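Enquirer: Okay, here's what each chain looks like letter by letter:
4 protein chains.
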Amino acid sequence: MRSKYSVILGNLGNTCDRFLPTGYKDKVSKEEMITMAANIPEIKGLELVGTWDITRENVKQMKQMLGDHGLACVSIIPDLFSQKRWGSGSFSSKDPAIRQQAIDETRIVSEVAQEMGCDLINLWLGQDGYDYPMQAHYAREHEWLVEGIVKVAGEFTDLRYALEYKPKEPRTHSYQARMGDTLLMAMETELQNVGVCIDVGHSLMASENVAEAAVLLNHYGKRLFHMHFNDNYRTWDDDMIVGSLHFVEYLELLFWLHEIGYDGWYSMDLYPYRENASGAVRESVLFLQGVDRLLVPENRERIRQLIAEGDATATAGFVRELILPDALSKSYE
Amino acid sequence: MRSKYSVILGNLGNTCDRFLPTGYKDKVSKEEMITMAANIPEIKGLELVGTWDITRENVKQMKQMLGDHGLACVSIIPDLFSQKRWGSGSFSSKDPAIRQQAIDETRIVSEVAQEMGCDLINLWLGQDGYDYPMQAHYAREHEWLVEGIVKVAGEFTDLRYALEYKPKEPRTHSYQARMGDTLLMAMETELQNVGVCIDVGHSLMASENVAEAAVLLNHYGKRLFHMHFNDNYRTWDDDMIVGSLHFVEYLELLFWLHEIGYDGWYSMDLYPYRENASGAVRESVLFLQGVDRLLVPENRERIRQLIAEGDATATAGFVRELILPDALSKSYE
Amino acid sequence: MRSKYSVILGNLGNTCDRFLPTGYKDKVSKEEMITMAANIPEIKGLELVGTWDITRENVKQMKQMLGDHGLACVSIIPDLFSQKRWGSGSFSSKDPAIRQQAIDETRIVSEVAQEMGCDLINLWLGQDGYDYPMQAHYAREHEWLVEGIVKVAGEFTDLRYALEYKPKEPRTHSYQARMGDTLLMAMETELQNVGVCIDVGHSLMASENVAEAAVLLNHYGKRLFHMHFNDNYRTWDDDMIVGSLHFVEYLELLFWLHEIGYDGWYSMDLYPYRENASGAVRESVLFLQGVDRLLVPENRERIRQLIAEGDATATAGFVRELILPDALSKSYE
Amino acid sequence: MRSKYSVILGNLGNTCDRFLPTGYKDKVSKEEMITMAANIPEIKGLELVGTWDITRENVKQMKQMLGDHGLACVSIIPDLFSQKRWGSGSFSSKDPAIRQQAIDETRIVSEVAQEMGCDLINLWLGQDGYDYPMQAHYAREHEWLVEGIVKVAGEFTDLRYALEYKPKEPRTHSYQARMGDTLLMAMETELQNVGVCIDVGHSLMASENVAEAAVLLNHYGKRLFHMHFNDNYRTWDDDMIVGSLHFVEYLELLFWLHEIGYDGWYSMDLYPYRENASGAVRESVLFLQGVDRLLVPENRERIRQLIAEGDATATAGFVRELILPDALSKSYE
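Chains as they are written, first to last, in UniProt numbering: chain A, 1 to 333; chain B, 1 to 333; chain C, 1 to 333; chain D, 1 to 333.
Chain A with its partners taken away, still in its complex shape (with noise of 0.2 Å):
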């Protein structure tokens, strides 16, 4: 089993915040991201935004372009979040004609995927939540967004829907926030088909141990469909370079993600601000491939039987001797 890796398109586009909203680079067309992508020789596949990158008209030409560089695509993320009528939502709006328009566009997301040979769609929902206290109709709303799920889901057998958890931004508070509310969601809709995927960014700012919330999605019925990769501080959703801050939760969510046997793509969620997009983007599957190879059998084996005994110092000292090994040692002058 080896790891496929992958990246959000507009990754390697302009970046923005509510400060610059121009962007803190150039804006660059989808041809050039493309070609970005196909030059970062460990990236094999895409994920495509709903009407940023893919719509109904030029979903042949996106096969074509894809094809010809070798790209695979990873998944289509319906645009639920960036045009202004979804400002208060889109599957849970109060409003029951942009609830519907939520529904039509994830259906056309659905056959635009179905024509791109794409069998993931990953929906994150941004803009789905409330920001103040008694704004909203907790039961109420919730059952909208579930029911809009199932309408879409239900129709498309043939695709998976994954559920992007988030527990803030832009809303204050989400609907799907963390994994277990997530999870419950899912499996509300009795829909075999709907899954969830872990953002390591937005599972830390949940203050969640990502690999533990792995664990327990597979537990679950195999509810883990897809995996976004970056890094931050654990406050906010910084989306970082891969590893630029945390090692060993990196090398417990991978270890586990052999364990319970995910075979789905390792994909590159980023907002390099003020970086080099693909340089960024490199960096961090390097990253994952470096961890990845620390994970030998013998080495898993023996994280393995520290699982088990559960002592703190085995542990840290085992990975400190993976780290930091006496091979390195020049006394320090």
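Accuracy of the hints is not assured; some may be wrong.
Just so you know, same-sequence chains aren't split out, so a pair can sit in one copy or run between any two.
[As the list claims (entries may be wrong)] Straight-line C-alpha distance at most 25 Å; calculated BS3-like pairs for lysine-lysine:
#1 Lys151 / Lys44
#2 Lys84 / Lys222
#3 Lys25 / Lys94
#4 Lys25 / Lys151
#5 Lys84 / Lys25
#6 Lys27 / Lys222
#7 Lys30 / Lys84
None of these hints come from the bench; they were simulated from the model.
It should be emphasised that the depicted structure is a prediction, and the values quoted were computed from it without experimental measurement.
Given chain A's structure and the hints, the job is docking chains B, C and D onto it.
Expert: Here is chains B, C and D on its own, set in the frame of chain A:
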């Protein structure tokens, strides 16, 4: 529907922390604590901790004492956290002997509860979790934990078991950490007498909106079994006087508790390290009563409308007028 | 001493974030925003952002417009954050040319302020900081930053410069992150006209007690120069309606602002992404006025006593009776 | 320049928390703890807590014991936190008698230090702060605190006093909470023998970049007097094994400690609740030594360049190659 107020007995005793383990106060006897509780006019029930407060041996005497003081036994909390043997877990311990002891201890407490005429066991599994990465087998230990609960709750079908979640402390990670993951465990038992206890402070600490957590527990099969009240700064279980920090969150929570028909106890769970314990508990109840008094039918109807509209400014204005009415206005000079 | 209320002009315009960079609303012209501000009865002053709102070219026109509407120019905020050139820092940029441009830009804004008859420059150095470990030379860049401020503030001794701190965003770490480190920089300039601006939300986000921050700024040579008001959940700069979340903290803060004789403006700094901007700003002011109305002399005297006694229960009771008086009581049925 | 490693003696004894105040382990005698420390090959010094470990009465005996084991007395920490009388503060207590006792206690400890030939007093004022809003007079109590330190440090000019900051615990707010505010207090004393101790865990908990804090303490008059090492999840003082969570932050910190010429002790400050204490302490030192070994002159020079360039991708690549070199690569199968 009138709210009923209770307190965990130990709140009225000595309080300690890791820096002052002998306590900030003096030791208080069980009898004194019960008398103190009985002297708080609004308090009508007690929660007792197994072994600390109640054992097989003193159950008759305790029943008598509570009866004499007109205090109900609201719940019993098995002591699965304050003995050396539970230091690395109870139901989920790596040691099968400890797991068995946890089951046995909870059985005993369940029998004691039956004798007390108390139908609620509040399970706070504080030691069940882990501290370090790669220290725990998340799937296996999760299964042990659920098995243990199934074992006991399946035997005592006349009792209800409320799982009280908390993100951390004393472990850096609890297995029952948030509303979502704890509800999943409750559902996994396939037992109707297993539900969840929300401790408001634990929920704040988990970055949850407490009202949303309560509504969702109700949504998934009426699983909100019990409520603990206190306050904190959202990063740690400070166990402060209820309402000393949060107001609008409490207004929203009590609104929804009525809305979903929660008819359990409102139980105080404080750690008044440096405060007069009776005073802190009473002040907590008075705050809750004060908030409840705002929730007259016309205000509840207005809140329903505000929620339906979702206009944050209107809601903020409504709340402001509730607590800062013009009637109070004297010009500031 | 009466509180004076102002607003940052841009609060009344379109609002965007990284997911919806074209904005949740429509573009609003400068003239419309000024009219909106003037129509909020309690608002008597504006803060303007350099280049966005005011330039060398339009200074006369702006002076006229503000005058016509009876609005004071409370401060000017140099735009050292929303242009590509500042993306990796302004005063502390690694590039000496950018550092010089930051000085030049602040000089221009200082001259514009003089022409406007405005004596306060609010310096928010949002891009000055770093994102990753080992990306910044903390001593050298700190020195550059202080040198730049000294250069400008040393020239315009009739103006006051308020340094507005914020822990993070848009960088993961700001150089002016908390009250303490920012005050140290202000003192390091050895200039009396350099002080600090507290943005309440930034201070909450820094886990500070805002009132304590204000008192200490006053303690160290009366360095509290300016105040920005908004609200948030303590982990991020949500820029919400003032008082929509925190009450007792605002009561304490306004008490202390009077106590230390703060006589500057109370300036609203919101990001009403999805709200009616005028309404959100006005509601914010009404909240502050409502709190101020509680601070009649007898209540201020009572608070002084409560602080001297330090009995948390007594204080909680006092606050409860302020906002939930018996006069309101109708029994909840 | 070689790093010197020490440990706080109590780390090797029993450990407790508020739920298990009698401790997770058994009581260990002072003699046993000293022997344990001496048996950790890398440990060459001890920090002692006043009254717990060392008193006027046992100072000769302790000097003898440490000497016999070849252990230096690195610092003495006055016990201003673990007795009922300090429960509401020591130097900043509202009670003048307690303030005097804090001064007296610190004087005694200072004399004891002189007798021990130890020149460092580590002041952790854990109880000095407050829990609730409007409980403390921030200016007055701040002044009392500084006065107390001035009193003692002004008398013992041959000793150095390191103020150890910590954001919270046991109070919800400490007066010496962060690097900035604590440095301000040190400077306010106008004494050269008052500086700051960075406890890495406390700094992480304060959302600081620890290396930046060290560099700034050095910048403002060489005020970094002492270092405590441990690790945590950034939200609480978990006091875990050094390096069990953070790697790149430790690499950056040790780099800068060398860069600024810090020549004090590297002292372990753990709470190994459930771990073998000697093992946890030793593993902590081995981690620090392992990191130090990476800091050979060529790597330090490379880090200087990376910092000057500020290219996050290049830095991430450098760190990755340090810990995951190709030499380790076997393909993952």
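Enquirer: Could you run down the list of hints and mark each one as holding or not?
Expert: Going through the hints against the structure:
no., hint, result
1, Lys151 / Lys44, "neither (32 Å within a copy, 49 Å between copies)"
2, Lys84 / Lys222, "neither (35 Å within a copy, 37 Å between copies)"
3, Lys25 / Lys94, "between (36 Å within a copy, 18 Å between copies)"
4, Lys25 / Lys151, "neither (39 Å within a copy, 30 Å between copies)"
5, Lys84 / Lys25, "both (24 Å within a copy, 7 Å between copies)"
6, Lys27 / Lys222, "neither (40 Å within a copy, 47 Å between copies)"
7, Lys30 / Lys84, "both (23 Å within a copy, 22 Å between copies)"
The structure fails hints 1, 2, 4 and 6 (numbered hints given earlier, in ascending order).
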